[in-house]
Amino acid sequence: MTTAPAVEAIDLAKHFGATRAVDGVSFVVPEGSVLGLLGPNGAGKTTLVRMLTTLSVPTSGTGRVAGFDILRQPTEVRRSMGLTGQAATVDEILTGRENLKLIGSLYGLPRKYVKDATERLFARFDLVDAADRMAKTYSGGMRRRLDLAVSLLAAPPILFLDEPTTGLDPQSRSGLWAVLRELVSEGTTLVLTTQYLEEADHLADEIVVVDKGRVIAAGTPTQLKDQAGQASVVVTLTHASDVDRAAELMSSCSAEVHVERGSRRLTAQAGGLGDMTRIAAVFETSGIELDDLGLARPSLDDVFLHLTGHRAEAGGAADLTNEGVAS
Amino acid sequence: MTAVQATTRAPAARPPISPPTLLRASSTIVWRNLLHIRRMPEMLLDVTVQSVMFVLLFAYVFGGAIAVRGADYKEFLLPGIMVQTMVFSSAIVAMGLTSDLQKGIVDRFKSLPIARSAVLVGRSISSLIHSSIGVAVMALTGLLIGWRIRNGVVDGLLAFLLLLLFGFALIWLGIWVGSMMRTVEAVQGFMFTVMFPLTFVANTFAPPESMPAWLRAIAEWNPVSAVTQACRELWGNGAPAAADAAWPLQHPVAVSIGWSLLLTAVFAPLAVSAFRRRSRD
Numbered sequence: 001m002t003t004a005p006a007v008e009a010i011d012l013a014k015h016f017g018a019t020r021a022v023d024g025v026s027f028v029v030p031e032g033s034v035l036g037l038l039g040p041n042g043a044g045k046t047t048l049v050r051m052l053t054t055l056s057v058p059t060s061g062t063g064r065v066a067g068f069d070i071l072r073q074p075t076e077v078r079r080s081m082g083l084t085g086q087a088a089t090v091d092e093i094l095t096g097r098e099n100l101k102l103i104g105s106l107y108g109l110p111r112k113y114v115k116d117a118t119e120r121l122f123a124r125f126d127l128v129d130a131a132d133r134m135a136k137t138y139s140g141g142m143r144r145r146l147d148l149a150v151s152l153l154a155a156p157p158i159l160f161l162d163e164p165t166t167g168l169d170p171q172s173r174s175g176l177w178a179v180l181r182e183l184v185s186e187g188t189t190l191v192l193t194t195q196y197l198e199e200a201d202h203l204a205d206e207i208v209v210v211d212k213g214r215v216i217a218a219g220t221p222t223q224l225k226d227q228a229g230q231a232s233v234v235v236t237l238t239h240a241s242d243v244d245r246a247a248e249l250m251s252s253c254s255a256e257v258h259v260e261r262g263s264r265r266l267t268a269q270a271g272g273l274g275d276m277t278r279i280a281a282v283f284e285t286s287g288i289e290l291d292d293l294g295l296a297r298p299s300l301d302d303v304f305l306h307l308t309g310h311r312a313e314a315g316g317a318a319d320l321t322n323e324g325v326a327s
Numbered sequence: 001m002t003a004v005q006a007t008t009r010a011p012a013a014r015p016p017i018s019p020p021t022l023l024r025a026s027s028t029i030v031w032r033n034l035l036h037i038r039r040m041p042e043m044l045l046d047v048t049v050q051s052v053m054f055v056l057l058f059a060y061v062f063g064g065a066i067a068v069r070g071a072d073y074k075e076f077l078l079p080g081i082m083v084q085t086m087v088f089s090s091a092i093v094a095m096g097l098t099s100d101l102q103k104g105i106v107d108r109f110k111s112l113p114i115a116r117s118a119v120l121v122g123r124s125i126s127s128l129i130h131s132s133i134g135v136a137v138m139a140l141t142g143l144l145i146g147w148r149i150r151n152g153v154v155d156g157l158l159a160f161l162l163l164l165l166f167g168f169a170l171i172w173l174g175i176w177v178g179s180m181m182r183t184v185e186a187v188q189g190f191m192f193t194v195m196f197p198l199t200f201v202a203n204t205f206a207p208p209e210s211m212p213a214w215l216r217a218i219a220e221w222n223p224v225s226a227v228t229q230a231c232r233e234l235w236g237n238g239a240p241a242a243a244d245a246a247w248p249l250q251h252p253v254a255v256s257i258g259w260s261l262l263l264t265a266v267f268a269p270l271a272v273s274a275f276r277r278r279s280r281d
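Taken in order, these protein sequences are the chains called A and B.
So the first sequence is numbered by full-length UniProt numbering: it starts at 1 and just counts up by one.
So the second sequence is numbered by full-length UniProt numbering: it starts at 1 and just counts up by one.
Simulated from the structure, these hints should not be mistaken for laboratory data.
Note that CB positions come from ideal geometry on N, CA and C, so glycine has one too.
Wrong hints could be hidden among the right ones.
Stated by the list, open to error - Quick list of simulated restraints, FRET-style, between CB atoms:
hint	chain 1	residue 1	chain 2	residue 2	range
1	A	Val57	B	Ser18	22 to 30 Å
2	B	Met40	A	Asp126	37 to 45 Å
3	A	Arg20	B	Ala265	33 to 41 Å
4	A	Arg20	B	Ala254	51 to 59 Å
5	B	Ile133	A	Pro170	34 to 42 Å
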């Protein structure tokens, strides 16, 4: 790659008194790619974004956005990026259109451009009908979209999004994802924070996992999933009475078998497809009836559990990504 | 690679960004703040309906019981109420700033290529306009109930300028408090706790001569009293301060200017550094 990276964090740290919110974080985001900063609440993701967008001054370390140093060239940094903060920071008392007019004027953009861009962005974000209503009448999803429209007004090549879909219903969330993918296809570099593993998996080319202010893992979603260890074979029996016999049979194929009696489900550590076919063959000859047999690869949530010893999403169930389902 | 396309595509579509001057950015923020007032005229209640109620309450309920030398009580009252209205600018600026900080609007402004002081300048100007609307309403109310400017246009305008200058000085107190506190409710509670003694332990509603000696001393040295006395003298609303009144009331115009400069000198650095500190995190 010959081009300079779009965003660089260079040993960034931010201490609030004795609390090390961010404790020496480095990463590089190539131009046109999507970086997902993944971590639980309080991991330091927001502070990282605030430092890179010049809202917060680092205790030590620095960063570069579009090649500009965040400490020495903050104005150039601000011209090169857009920011969609955690709480949708739109002005509730102004209408959607006035919000864009306000920001356009503060960027010093030509009036005509702001007018045209507003129409374009509102059409794109499905806000045309709401354009002249006060933003306080908007739904959560609409506010986020307006916030995003505001961030995109000056067509920044780099966009920071701090938990863009937190608090949105599933429909608004997938709508926002579609918009973000479109931006990426147009060449925008995205840095987004999320506590949703699904979101990082879905959008990011590279994921940096942050916990307690430090990077604990980095890589592509696939690399991270591989790190979490082995896949497993999951078998669901038709009859509860077969559970003990099935457990015995599976133990002969795998070192570790986990039994959930209530749901008639058995999980065995497996190296891959070979183990799955072996287990399938064993059941075939035993005559035990199965509802389901499949290979489960670890989800990002499992990755997080593996890396940190705690789950990323409070109460978030591990959504197993089943591959090769037979029923 | 996509990255190569990105370099050729994204910048090409960018509009010309010409970061505005401090003046232009500030006036944009003023426009936005005034739009808030237009959308929510109830924001003006504090300096209009409330102040009119104060005028009526004191002019017709308490006024008869308050003895004033050399003037009708209503003439005595109006300058005091106007100073009180101006003092409220500091609460208005504080609440507006905290609300913007709390809602992330200040963060949004800070992420733009504008001078960060534009946030404060815009806030201050719109708060002064807010209070000035209140003073204008007071003046009209006053005219209706018999208050007059009796000393000519120049002195009359000078008094209004003194009011603005004093309001400007107190704006810094508001920015300081607004930058330190986390919620609008906390600001409101704090500012009103400060505003009430500041505007009542003074010559605003009753002559200090009737107060106990220690309280009278506080009242007469209160900057609010100097400004009120200055306005009364410039507008010709009543007699000069009592012969035994403290020194500030003997030279109210000069002292008003002095207090305004002193308050600005004390609170402006505190306010700017508190806002900076808040803005670094």
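- Against the structure, test the hints numbered earlier, and report the numbers of the ones violated in rising order. 2 and 5
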